[in-house]
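Asks: The lines below spell out each chain.
Number of protein chains: 4
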Amino acid sequence: MAAIYRRPGRRFHLLTRPTPRNPVTDKPYAPTLRVRYDETDQMGVVYHGNYLKYFEVGRTELMRHLGFPYSEMERRGALLVVVEANCRYRDSARYDDVLRIETAGTCPSPLRIRFHYRVVREADDVIVADGWTDLACLDRDRRLRRLPPEVREGLERFELSVEELV
Amino acid sequence: MAAIYRRPGRRFHLLTRPTPRNPVTDKPYAPTLRVRYDETDQMGVVYHGNYLKYFEVGRTELMRHLGFPYSEMERRGALLVVVEANCRYRDSARYDDVLRIETAGTCPSPLRIRFHYRVVREADDVIVADGWTDLACLDRDRRLRRLPPEVREGLERFELSVEELV
Amino acid sequence: MAAIYRRPGRRFHLLTRPTPRNPVTDKPYAPTLRVRYDETDQMGVVYHGNYLKYFEVGRTELMRHLGFPYSEMERRGALLVVVEANCRYRDSARYDDVLRIETAGTCPSPLRIRFHYRVVREADDVIVADGWTDLACLDRDRRLRRLPPEVREGLERFELSVEELV
Amino acid sequence: MAAIYRRPGRRFHLLTRPTPRNPVTDKPYAPTLRVRYDETDQMGVVYHGNYLKYFEVGRTELMRHLGFPYSEMERRGALLVVVEANCRYRDSARYDDVLRIETAGTCPSPLRIRFHYRVVREADDVIVADGWTDLACLDRDRRLRRLPPEVREGLERFELSVEELV
Numbered sequence: 001m002a003a004i005y006r007r008p009g010r011r012f013h014l015l016t017r018p019t020p021r022n023p024v025t026d027k028p029y030a031p032t033l034r035v036r037y038d039e040t041d042q043m044g045v046v047y048h049g050n051y052l053k054y055f056e057v058g059r060t061e062l063m064r065h066l067g068f069p070y071s072e073m074e075r076r077g078a079l080l081v082v083v084e085a086n087c088r089y090r091d092s093a094r095y096d097d098v099l100r101i102e103t104a105g106t107c108p109s110p111l112r113i114r115f116h117y118r119v120v121r122e123a124d125d126v127i128v129a130d131g132w133t134d135l136a137c138l139d140r141d142r143r144l145r146r147l148p149p150e151v152r153e154g155l156e157r158f159e160l161s162v163e164e165l166v
Numbered sequence: 001m002a003a004i005y006r007r008p009g010r011r012f013h014l015l016t017r018p019t020p021r022n023p024v025t026d027k028p029y030a031p032t033l034r035v036r037y038d039e040t041d042q043m044g045v046v047y048h049g050n051y052l053k054y055f056e057v058g059r060t061e062l063m064r065h066l067g068f069p070y071s072e073m074e075r076r077g078a079l080l081v082v083v084e085a086n087c088r089y090r091d092s093a094r095y096d097d098v099l100r101i102e103t104a105g106t107c108p109s110p111l112r113i114r115f116h117y118r119v120v121r122e123a124d125d126v127i128v129a130d131g132w133t134d135l136a137c138l139d140r141d142r143r144l145r146r147l148p149p150e151v152r153e154g155l156e157r158f159e160l161s162v163e164e165l166v
Numbered sequence: 001m002a003a004i005y006r007r008p009g010r011r012f013h014l015l016t017r018p019t020p021r022n023p024v025t026d027k028p029y030a031p032t033l034r035v036r037y038d039e040t041d042q043m044g045v046v047y048h049g050n051y052l053k054y055f056e057v058g059r060t061e062l063m064r065h066l067g068f069p070y071s072e073m074e075r076r077g078a079l080l081v082v083v084e085a086n087c088r089y090r091d092s093a094r095y096d097d098v099l100r101i102e103t104a105g106t107c108p109s110p111l112r113i114r115f116h117y118r119v120v121r122e123a124d125d126v127i128v129a130d131g132w133t134d135l136a137c138l139d140r141d142r143r144l145r146r147l148p149p150e151v152r153e154g155l156e157r158f159e160l161s162v163e164e165l166v
Numbered sequence: 001m002a003a004i005y006r007r008p009g010r011r012f013h014l015l016t017r018p019t020p021r022n023p024v025t026d027k028p029y030a031p032t033l034r035v036r037y038d039e040t041d042q043m044g045v046v047y048h049g050n051y052l053k054y055f056e057v058g059r060t061e062l063m064r065h066l067g068f069p070y071s072e073m074e075r076r077g078a079l080l081v082v083v084e085a086n087c088r089y090r091d092s093a094r095y096d097d098v099l100r101i102e103t104a105g106t107c108p109s110p111l112r113i114r115f116h117y118r119v120v121r122e123a124d125d126v127i128v129a130d131g132w133t134d135l136a137c138l139d140r141d142r143r144l145r146r147l148p149p150e151v152r153e154g155l156e157r158f159e160l161s162v163e164e165l166v
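Residue numbers (our numbering), protein chains in the order written: chain A, 1 to 166; chain B, 1 to 166; chain C, 1 to 166; chain D, 1 to 166.
Just so you know, the hints here were simulated from the structure itself, not pulled from any lab data. Be a bit skeptical, because a hint or two may be false.
[Claimed, not checked] Here are some of the chain B residues that sit facing chain A, going by a computed Cβ distance under 10 angstroms:
(1) 32
(2) 42
(3) 45
(4) 55
(5) 83
(6) 131
(7) 154
[What the hints assert, rightly or not] With beta-carbon atoms standing in for the labels, derived distance ranges:
(8) A:110 / C:148: 41 to 49 angstroms
(9) D:77 / A:110: 55 to 63 angstroms
(10) D:108 / A:123: 30 to 38 angstroms
(11) B:72 / D:75: 57 to 65 angstroms
(12) A:111 / D:122: 32 to 40 angstroms
(13) A:141 / C:141: 16 to 24 angstroms
(14) A:140 / C:124: 48 to 56 angstroms
(15) C:124 / B:153: 47 to 55 angstroms
(16) B:123 / C:156: 27 to 35 angstroms
(17) B:148 / C:94: 20 to 28 angstroms
(18) C:139 / A:122: 43 to 51 angstroms
Owing to the predicted nature of the structure, the values given are computational and were not obtained by experimental measurement. Glycine included, each C-beta is placed from N, C-alpha and C at the ideal position.
Same shape as in the complex, but just chain A (with noise of 0.2 angstroms):
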């Protein structure tokens, strides 16, 4: 089952705002993909349990855009874990598609970050998918630690995008 749902009659969400860009660095941290041909299925177009891939590749590019890459903090015994996740599925994507993955992050709680993301279809600014994921932070010993703080600082600069974006 597909993720390929649209109100009859009209285009959700038309998106005019320009992709949000990092204030230190004043580049895009918005990530772009390609839609594979695995990724889609036989409706057509991309799988629905794709899009959580998707978001991944956006926090991924978020952190890295931050100062500390993911596979870095892995390194350094601070684990990202999913507590729980949601999508909205708005329009669908389809093979060759480019997607703008938008990301932002907010820390509700020293032990918590939540995610927003939106899937945009580059070619006409449509919001394909949009959701969230809340991560807690483990150690090595997979038990629950603080985030590092410069993660949670660095977070809290985008605080702004989080508002756009949700």
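Following the hints, put chains B, C and D in place on chain A, whose structure we already have.
Replies: For chains B, C and D alone, kept in the frame of chain A given last:
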């Protein structure tokens, strides 16, 4: 980032109820599956995005047991598409674990089904993840249509188990 | 690009032999699986890359039936890694098809296993794909090591069925 | 079981040649991609089956650079289906690694394309995997047809780079 969260010091949600059974055939409708190697990630547990695939196995088998296999529905021009999905991760599943996918469905409107899921590790009856998906029904031209009435009626017979699942 | 090839005008390789059986327990060791929706692509058939996952299901169950589950081997420090894989696509499999994964193994050297596979559609016993994978055995430090002797001996008991499969 | 093999004591196949370039546009046609978290498995490296997806990224981008995007070919009724695939694993790739997919194609007959691939880790120019796939061309009714002549001619212009790749 994996789905591996567990509160330190105690286990989550021990199940004591038996597997739900089909009230007509008295066969259990909860399929089991074995975690495949490719479904793990470098944290050593099932990648969180794969639970949406397990949910789909659950609703596929529920619908088959109710007498309307989804492959048949699709051939007849009633396509189910996911409009929203939610998953909470409560424990981690590992390679070669046998998981039981418990599923129940409700029809909040003639246009929509909500399925609820519990992914349970067979070895110790611990809930690994639970969640829900909302699906809409489309015709061959991808327009919204009403659910086939027999599907609605079949699901309504399971309402009690829905109450148990939520 | 899907795996859907069929010579026009005739079917491939009708199987007439029964499913291979474990000579010790007389249980069939060929697992079956049902094609999941996410495993299809926009051609309406199973994406060709997914057959390598099906092959892995085949060798996992063969090794379990021989008495040394791979999950146990890995815990004891004998890791099997794929060094080469080959797959020929003969017909297409579709969503909800039941597939039987027939597997046999040989040990051409003390350092290497070759598994042979046939993916057969249960409904009509037609071979959908076949192929092989070569695996090497590593220790915990990722250095080449000899295969555990009981694994070699167990596989040798299946040599006849290897002859049948190739 | 992962694709992680490396001969102890030395590295494999250091590449010294530059990335192949499109002789017409002089742009490199070798796309790069970053390994996603879901593409790893519990051995901590890319799952071996995922290289067939990377190969597909390679031939998709090669065909786009030659001027006939595969999405366009499929819309016009020339479907490419994989009839055989082969992959040798030479080293392991890890989460967040950037990989370059070098691709070249030949047409051994008017009915078939063979693509050759090398997956190279950008950081140190080491070949992680290489292989090939044979593809046949089908029409909308899934019957064998000849390749569009412009595709054959386009690929022939790359024959030299094929020689380099094999």
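Asks: Sort out which numbered hints this structure fails and list those numbers smallest first.
Replies: 1, 7, 11, 15
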